[in-house]
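Colleague: Sequence:
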Amino acid sequence: MNGSGLWILAVALLFCGMGLAMARLLLGPTTADRIVAADTLAVITTAGLVGLAAWLDNPVYLDVALVYGVLSFVGSVAMARAIDGGGK
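Residue numbers (our numbering): 1 to 88.
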């Protein structure tokens with residue numbers, strides 16, 4: 001498989017993962033399921049930004065991916081603490 005075929009496969013897998021996570025986000029029976037799905041979408045988006053940086057050969061996207069990953073982690077922890085009751 002040549003280089004372009006690998007990029008197509010990587011993008012297809014990212015979109016497949018995004019579709020499955022969106023389904024869980026919309027159909028999840030509990031709030032915890034929805035939070036995990038939102039975190040999964042954030043991780044997939046971060047991976048997509050890293051792939052975009054490699055494809056475009058532009059390291060600025062790596063900085064964006066790093067900041068996005070940190071902010072999404074903090075957001076996921078805050079949502080988890082909120083449904084847990086504030087960590088009392």
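Worth double-checking, as some hints may not be accurate.
[As the list claims (entries may be wrong)] Cβ-Cβ distance ranges computed for the label pairs, FRET-style: (1) A23 to A82: 20 to 30 Å; (2) D33 to L71: 15 to 25 Å; (3) A78 to G5: 24 to 34 Å.
No lab work stands behind these hints, which were simulated from the structure alone. A quick note: this is a predicted structure, and the numbers were derived from the prediction, not measured. Don't be surprised by glycine CBs; every beta carbon is placed ideally from N, CA and C.
Colleague: Each hint: holds or not?
Modeller: Hints, verified against the model:
For A23 and A82, the Cβ-Cβ distance of about 23 Å falls inside the hinted range of 20 to 30 Å, so the restraint holds. In this structure, D33 and L71 meet the distance hint of 15 to 25 Å, their C-beta atoms being roughly 22 Å apart. Between A78 and G5 the CB atoms are about 40 Å apart, so this pair departs from the stated range of 24 to 34 Å.
In summary, the one numbered hint that this structure violates is 3.
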